[in-house]
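Undergrad: Here the structure of chain A is known, so what remains is to put chain B in place on it, guided by the hints.
2 protein chains.
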Amino acid sequence: MEVLITGGAGLLGARLARQLLERGTLADAEGRQASISKITLLDVVPAQGFNDRRIDLVTGDVADVATIERVLTPATESVFHLAAIVSGQAEAEFDLGMRINFDATRLILERARHNGNKPRLVFTSSVAVFGGDLPAQVPDAQVLMPQSSYGAQKAMGELLVTDYSRKGFIDGRALRMPTVCVRPGAPNKAASSFASGIIREPLNGIEAVCPVSPDTPMWLLSPRRAIDSLIHGHDIDAGAFGGSRALSLPGLATTVREMVAALERVAGADVVKRIRWQEDPAIIRIVNTWPGDFITARADAMGFQCDADFDSIVRAYIEDELGGKTAA
Amino acid sequence: MEVLITGGAGLLGARLARQLLERGTLADAEGRQASISKITLLDVVPAQGFNDRRIDLVTGDVADVATIERVLTPATESVFHLAAIVSGQAEAEFDLGMRINFDATRLILERARHNGNKPRLVFTSSVAVFGGDLPAQVPDAQVLMPQSSYGAQKAMGELLVTDYSRKGFIDGRALRMPTVCVRPGAPNKAASSFASGIIREPLNGIEAVCPVSPDTPMWLLSPRRAIDSLIHGHDIDAGAFGGSRALSLPGLATTVREMVAALERVAGADVVKRIRWQEDPAIIRIVNTWPGDFITARADAMGFQCDADFDSIVRAYIEDELGGKTAA
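Heads up: the protein sequence lines correspond to chains A and B, in order. Counting from 1, one number per residue, gives the positions in the first sequence under full-length UniProt numbering. Counting from 1, one number per residue, gives the positions in the second sequence under full-length UniProt numbering.
In isolation and in its complexed conformation, chain A is listed as follows (with noise of 0.2 Å):
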């Protein structure tokens, strides 16, 4: 079987692509494990380090109507949709963020429908369709209200991935990804990119802002889990979903201040001493309309899992990306 990725070379996309190769088989229309042939790694710069003939390295815009032509045929049976403009860019930059993150999404799903084998395909949205006045513990019948554009675009490629599959045009799966903590490599534009950067930087040797308060709840998902959660997510039985092909996934309740005491925890003291606390009045605004925690009922249900605490995650993370070893 053939499988796409959009924003392939992004932490998410490679990461999946790294664990695919290595699992060499995903489920079919059938539900019965496929051995994987092909993976199109599609994004606007190409995915590095990759040394497999399976590996399809494709440069290019996600939106672009020949590009997703191109890399979306009728033999790709997997679309692992990743590709989008994170929170605070598609706040500053609206109409790039309705162009990738909505008309994009369109555009696969219409060219996944007229390809007409129905493939299996995960898009991953965010906990951002939420908004307003939230409970403490967000359930799954919570009412959308995104307070922002990223979390509006979201909220409407939930919405067409789950009218698309319910008139059998795809096979389609939304899940609503927790903050994926701790990411590798350099900051992004995403609100969220600071709950990696106060991990990552100071175990990197390198002073990090937070600039959010210690007692901002945050819900997160390590990259380890979140790769296993869009594999399940695919493999998963379509009826599992009930009325509705979005879900939010189980993730990790904690608050930055527990998160810094883990990190003191696993690596000292002195690593902690390099967050400098210098509050975003732009970041916190977006960041506190996100709720902290969730009854991931249905989720649950259907085997989704979560890390155990965050100091695991930060172990994950000394483990995946910097070789065992820290800065301290």
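Some hints here could point you the wrong way.
Given that identical chains are not distinguished, each listed pair holds provided it fits within a single copy or across any two copies.
[Claimed, not checked] Below 30 Å or equal to it, Euclidean Cα-Cα: the simulated BS3-like pairs (lysine-lysine) are:
id : residue 1 : residue 2
1  : Lys189    : Lys118
2  : Lys189    : Lys167
3  : Lys273    : Lys325
4  : Lys118    : Lys273
5  : Lys325    : Lys189
6  : Lys167    : Lys273
7  : Lys38     : Lys273
8  : Lys38     : Lys118
9  : Lys167    : Lys38
10 : Lys273    : Lys189
11 : Lys167    : Lys118
12 : Lys38     : Lys325
13 : Lys118    : Lys325
14 : Lys325    : Lys167
Derived by calculation from the structure, the hints in this document are not laboratory data.
TA: Then chain B, alone, in the frame of chain A:
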């Protein structure tokens, strides 16, 4: 001030125009009642029966860029965007539904944004945005879970209206209309068309088919109250909406059986005999996903009003459309 009504030849559009001509004013950007100098009625056919120089009839496609550029100018301070492909047709003709119910809405919002005058914009949404496992009474915080393409398209429109308003591009209001009943004129392709047909046709001496069971719950609003709600929704202060511009309007919770009983009380047993009961699975499938009762606490607090009982709705139809006389 200048007003645009899309779907201006339809039941609600034409009645709204007549009511606005009579009132003579609407709230302007600052919330002050301003004199209406022009009402543009856009529809695929010309609206009938107007003889007022403030009325401008435009025949055209609501999803056509040049048409929208012509009817929605920087002088347009108010938009009532009522044009839609109804539920049954949007389910049968997916692409047409997306084009009119979603793309045209986005086009209008974009044009309004680029006009730069932040017009008030009323968008008619629908209770079809809800579905799945619903409580007996749907609260304001109910999750969006449309079970039809019409509902999905309306839900996406709501999200756009809220986000465009939050960004300050427009001052939007997305009002979820109960089923409007009794509609005059011919049946249409809405799955709910029967709700008016089983009252209207018998009162006009014609047989009507009821395609659903007498127990079917209905959530109704008379044309009179629907027009009042559109104008009230336009005129109230935006601050009343809170975190979402989408609002479930108050309606009358009843059943098909109670509707027919009211028809018999108002017009007599012979009229009711003109209803033939013949179930239609396609219509039942759509109608049964719609909720039949709501708790509309937000809209109640904002001063929206509904009908007291179905007897008064039948009497209002006889007064407004039949000159007070029935075929009984």
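Undergrad: Hint by hint, say whether it matches the structure.
TA: The hints, checked one at a time:
1. Lys189 to Lys118: between (34 Å within a copy, 29 Å between copies)
2. Lys189 to Lys167: between (36 Å within a copy, 19 Å between copies)
3. Lys273 to Lys325: within (18 Å within a copy, 85 Å between copies)
4. Lys118 to Lys273: Answer is neither: 52 Å inside a copy and 48 Å across each miss the 30 Å cutoff.
5. Lys325 to Lys189: Result: close within a single copy only, 27 Å intra versus 67 Å inter.
6. Lys167 to Lys273: neither (54 Å within a copy, 38 Å between copies)
7. Lys38 to Lys273: Neither: 46 Å inside a copy, 66 Å across copies.
8. Lys38 to Lys118: So Lys38 and Lys118 pass the 30 Å test inside one copy only (18 Å; across, 49 Å).
9. Lys167 to Lys38: within (28 Å within a copy, 42 Å between copies)
10. Lys273 to Lys189: within (24 Å within a copy, 67 Å between copies)
11. Lys167 to Lys118: Only inside one copy: Lys167 and Lys118 sit 10 Å apart there, 37 Å across copies, limit 30 Å.
12. Lys38 to Lys325: Close neither inside one copy (35 Å) nor across copies (72 Å); limit 30 Å.
13. Lys118 to Lys325: Answer is neither: 45 Å inside a copy and 55 Å across each miss the 30 Å cutoff.
14. Lys325 to Lys167: For Lys325 and Lys167, the Cα distance exceeds 30 Å both inside one copy (51 Å) and across copies (45 Å).
In summary, the structure is inconsistent with hints 4, 6, 7, 12, 13 and 14 from the numbered list given earlier, while agreeing with the others.
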